[in-house]
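Number of protein chains: 2
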Amino acid sequence: MDKKKALLIILDGLGDRAIRELGFKTPLQFAETPHLDKIARMSMVGLMDPIAPGIRAGSDTSHLNLLGYDPYKVYTGRGPFEAAGLDMDIAPGDVAFRCNFATVDENLVVLDRRAGRIKEGTHELVSAINGIKIEDVEIFVKEGVEHRAALVLRGSGLSPYVSDVDPHDTVLKIHEAKPLKPEAEKTARILNEFVKRAYEILKEHPVNKEREKKGLKPANILLPRGAGMAPHLENFVKKYNMKAACVVGTPLIRGICKLAGIHPIDFPGATGSYDTDMKGKIREAIKALARQDYDFVLVNIKATDIAGHDMLPRKKVEVIERIDEAMGYLLEILPEDIVVVITADHSTPCSVGDHSGDAVPIMIYAEDSRAEGSEFNEVACAKGSLRIRGSDLMQMILNATNRADKFGA
Amino acid sequence: MDKKKALLIILDGLGDRAIRELGFKTPLQFAETPHLDKIARMSMVGLMDPIAPGIRAGSDTSHLNLLGYDPYKVYTGRGPFEAAGLDMDIAPGDVAFRCNFATVDENLVVLDRRAGRIKEGTHELVSAINGIKIEDVEIFVKEGVEHRAALVLRGSGLSPYVSDVDPHDTVLKIHEAKPLKPEAEKTARILNEFVKRAYEILKEHPVNKEREKKGLKPANILLPRGAGMAPHLENFVKKYNMKAACVVGTPLIRGICKLAGIHPIDFPGATGSYDTDMKGKIREAIKALARQDYDFVLVNIKATDIAGHDMLPRKKVEVIERIDEAMGYLLEILPEDIVVVITADHSTPCSVGDHSGDAVPIMIYAEDSRAEGSEFNEVACAKGSLRIRGSDLMQMILNATNRADKFGA
Numbered sequence: 001m002d003k004k005k006a007l008l009i010i011l012d013g014l015g016d017r018a019i020r021e022l023g024f025k026t027p028l029q030f031a032e033t034p035h036l037d038k039i040a041r042m043s044m045v046g047l048m049d050p051i052a053p054g055i056r057a058g059s060d061t062s063h064l065n066l067l068g069y070d071p072y073k074v075y076t077g078r079g080p081f082e083a084a085g086l087d088m089d090i091a092p093g094d095v096a097f098r099c100n101f102a103t104v105d106e107n108l109v110v111l112d113r114r115a116g117r118i119k120e121g122t123h124e125l126v127s128a129i130n131g132i133k134i135e136d137v138e139i140f141v142k143e144g145v146e147h148r149a150a151l152v153l154r155g156s157g158l159s160p161y162v163s164d165v166d167p168h169d170t171v172l173k174i175h176e177a178k179p180l181k182p183e184a185e186k187t188a189r190i191l192n193e194f195v196k197r198a199y200e201i202l203k204e205h206p207v208n209k210e211r212e213k214k215g216l217k218p219a220n221i222l223l224p225r226g227a228g229m230a231p232h233l234e235n236f237v238k239k240y241n242m243k244a245a246c247v248v249g250t251p252l253i254r255g256i257c258k259l260a261g262i263h264p265i266d267f268p269g270a271t272g273s274y275d276t277d278m279k280g281k282i283r284e285a286i287k288a289l290a291r292q293d294y295d296f297v298l299v300n301i302k303a304t305d306i307a308g309h310d311m312l313p314r315k316k317v318e319v320i321e322r323i324d325e326a327m328g329y330l331l332e333i334l335p336e337d338i339v340v341v342i343t344a345d346h347s348t349p350c351s352v353g354d355h356s357g358d359a360v361p362i363m364i365y366a367e368d369s370r371a372e373g374s375e376f377n378e379v380a381c382a383k384g385s386l387r388i389r390g391s392d393l394m395q396m397i398l399n400a401t402n403r404a405d406k407f408g409a
Numbered sequence: 001m002d003k004k005k006a007l008l009i010i011l012d013g014l015g016d017r018a019i020r021e022l023g024f025k026t027p028l029q030f031a032e033t034p035h036l037d038k039i040a041r042m043s044m045v046g047l048m049d050p051i052a053p054g055i056r057a058g059s060d061t062s063h064l065n066l067l068g069y070d071p072y073k074v075y076t077g078r079g080p081f082e083a084a085g086l087d088m089d090i091a092p093g094d095v096a097f098r099c100n101f102a103t104v105d106e107n108l109v110v111l112d113r114r115a116g117r118i119k120e121g122t123h124e125l126v127s128a129i130n131g132i133k134i135e136d137v138e139i140f141v142k143e144g145v146e147h148r149a150a151l152v153l154r155g156s157g158l159s160p161y162v163s164d165v166d167p168h169d170t171v172l173k174i175h176e177a178k179p180l181k182p183e184a185e186k187t188a189r190i191l192n193e194f195v196k197r198a199y200e201i202l203k204e205h206p207v208n209k210e211r212e213k214k215g216l217k218p219a220n221i222l223l224p225r226g227a228g229m230a231p232h233l234e235n236f237v238k239k240y241n242m243k244a245a246c247v248v249g250t251p252l253i254r255g256i257c258k259l260a261g262i263h264p265i266d267f268p269g270a271t272g273s274y275d276t277d278m279k280g281k282i283r284e285a286i287k288a289l290a291r292q293d294y295d296f297v298l299v300n301i302k303a304t305d306i307a308g309h310d311m312l313p314r315k316k317v318e319v320i321e322r323i324d325e326a327m328g329y330l331l332e333i334l335p336e337d338i339v340v341v342i343t344a345d346h347s348t349p350c351s352v353g354d355h356s357g358d359a360v361p362i363m364i365y366a367e368d369s370r371a372e373g374s375e376f377n378e379v380a381c382a383k384g385s386l387r388i389r390g391s392d393l394m395q396m397i398l399n400a401t402n403r404a405d406k407f408g409a
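First to last, the sequence lines map onto chains B and F. By the UniProt record's numbering, the letter at position 273 of the first sequence is numbered 273, and the numbering carries on one by one without gaps. By the UniProt record's numbering, the letter at position 251 of the second sequence is numbered 251, and the numbering carries on one by one without gaps.
The set of hints was computed from the structure by calculation and includes no laboratory data. It is possible that part of the hints are untrue.
[As the list claims (entries may be wrong)] List time: in silico PhoX-like cross-link candidates among lysine-lysine, alpha-carbon distance up to 20 Å:
(1) Lys4/F x Lys383/F
(2) Lys196/B x Lys213/B
(3) Lys186/F x Lys243/F
(4) Lys383/B x Lys4/F
(5) Lys406/B x Lys196/F
(6) Lys142/B x Lys119/B
[As the list claims (entries may be wrong)] A partial selection of chain B residues facing chain F, derived with a Cβ cut-off under 10 Å:
(7) Met1
(8) Leu22
(9) Asp368
[Claimed, not checked] What follows is a list of derived Cβ distance ranges for each label pair:
(10) Glu234/B x Pro206/F: 55 to 63 Å
(11) Asn241/F x Glu367/B: 44 to 52 Å
(12) Asn241/B x Val171/F: 39 to 47 Å
Just so it is clear, CB atoms sit at the ideal spot from N, CA and C, and this is done for glycine as well.
Could you build the full structure based on these sequences and the hints that come with them?
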């Protein structure tokens, strides 16, 4: 029984609903996808509920579930995954937040939630507020792309059940973090104190003085949101006995992979945006599998999700057709011993502009896959054999790669 | 509401994957099966995960699950089912093993794991070592076909968590049974002592002296493996209120049936091998249902599984076509009040040479079944209505035979 390797391609938010201007087809039905359809004809196909029927999954909760980590047990908020995605050191029990650098006036009213989409200087700003200790809690900050940052609290008695400081709109005063459960009182207190102290430091920082001189909005406050407690995730490599890597552009998914012990392969073209280098991602993934001895590689392509959020069906069709080209490239370079799974983490219907709980198409291709598909889309795949949940996926992959343990004789 | 009777035909290891030399069809897709297809057109069809998606089931764990006994609760190893299959008296709490008669040299190095596939004399050999008592543990041995035997330990404080004595290869010294959990220390000690004592008796036994004289390998040791604790299985007849029988050739499945209170119908043609008399099994099953007043009969045909393990797709096609002939015979003699379920206990793909976690096709035929199938194979059945797990099967049978209890008003 030859063990195979696995390439899991997650087309983020791919699933959609019927769209009037596409003749009541989904973008995936409407798009010209000769390569995806060719793979479907050689694959087991079907539908997957990322979590359970009708459940609207986030990208984080879905990726956790797909990788075999029950989000109902390990997920309290996206903060720790964002922080890990920025290569912050995260330990189980830490409480972490996403943050924006923002601009406030002297009354702490938000003038710009993104501080003029600040591009330079956040590293210096972060250095001035990183490592502050309040009571017994150490506080770490790291900058992300543009106005983005993450915040980690480490200490005793912390809780993820605190409300956001970010008021999520301008012309509003920043919010006080509130404890959402009694045990979060300390965390809220420390968070509020940190935001205040950071404001006092940031508003006087030379980077901001320089920005003001140039007529740019100062990044004079940090607005935390999305509190979550860092979970212990069983190491993926031990759990499945597969050396694992990922090629993903978005920090959130990168952070989930990092916390699971899945090695991120970074390359400049992976942007997590419309302009992402899709062929490049496929090339890096196959290189990792074929030459660098990885047994499992996760690729995430985010652009489909963005088009869904932007409610742009034609754009989603265009993104899907670019993905199809990359799949043509995959077919050219695919070694025989690799099982390819193509699916989505959730649906992001253009008619909704956000994630929905609709099932997503899935196909599992191996040389010996039952060849049962016709086309790769939400409707055609429903005629296939697979009707699984996200939590079944890893077991299906272990089976298709001939790595599953036998239960019984 | 007329109660019907049920014939459950398990085509062991029937499910498969696409095979290059069969034009990327499965053996079941490739084979000419006019009778199975005819039944499909009159049946509800679909796919079944014997345990759960991607889980690689053994024949034992799957049959337990199909019959309504949760293998995660009742299964610790195949030993007790093998022993029961040889008609040994088994009680809950007994720890049992499969064994081989083997040939060892004076250093207990294995020269032949099957003692030259000994055919005669094992009954005499077994008689010399049956009924030994070590500490408070009674030890029973019974011979099977050729070199096969089973061993039962009965006493206090026994555990199934001991490693195999059988080294599973020649030129290796026999292994010491080791406790895999602390509570198995006594069981390992007694098992090792028994193997030693049995060796002392067997090597001097007249049957072996005679074999040596003839230049045959002596069956001078018994090599236990596959320890398991006999579970309490709720009596099938009480559980479902159906008088039940089985027509099976393999001791393992026969043993599961016996422990569940399903009466084995033995007839000489049921061999559990390629040469099994398939029409004979169908004839015996229908006889039991129509004339002997059984309400439920399980038929297992093992030959499909053997061809999968042997990695012989053409042979599997040939076996399937012979099964189809037997199904033609079934259609000729089938009384109207019998529901026929045809499925498999797991897939045994020829490309893998072992069980896989791929779903299996299933069809449920009754005179009043929703007629929805086209052909009976893994791909065509995926278009049908059934997408069930093995643990759902008995409830489906109770429903189709109009025997299910109503829940509510």
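Here is what the structure says about each hint:
1. Lys4/F x Lys383/F: violated (27 Å)
2. Lys196/B x Lys213/B: Violated - the C-alpha atoms of Lys213/B and Lys196/B are around 24 Å apart, more than 20 Å.
3. Lys186/F x Lys243/F: violated (40 Å)
4. Lys383/B x Lys4/F: violated (32 Å)
5. Lys406/B x Lys196/F: violated (31 Å)
6. Lys142/B x Lys119/B: holds (14 Å)
7. Met1: Hint holds; Met1/B Cβ to chain F Cβ min 5 Å, cut 10 Å.
8. Leu22: Violated - the Cβ of Leu22/B stays beyond 10 Å from chain F, reaching only about 26 Å at its closest.
9. Asp368: holds (4 Å)
10. Glu234/B x Pro206/F: 55 to 63 Å: holds (58 Å)
11. Asn241/F x Glu367/B: 44 to 52 Å: holds (48 Å)
12. Asn241/B x Val171/F: 39 to 47 Å: violated (29 Å)
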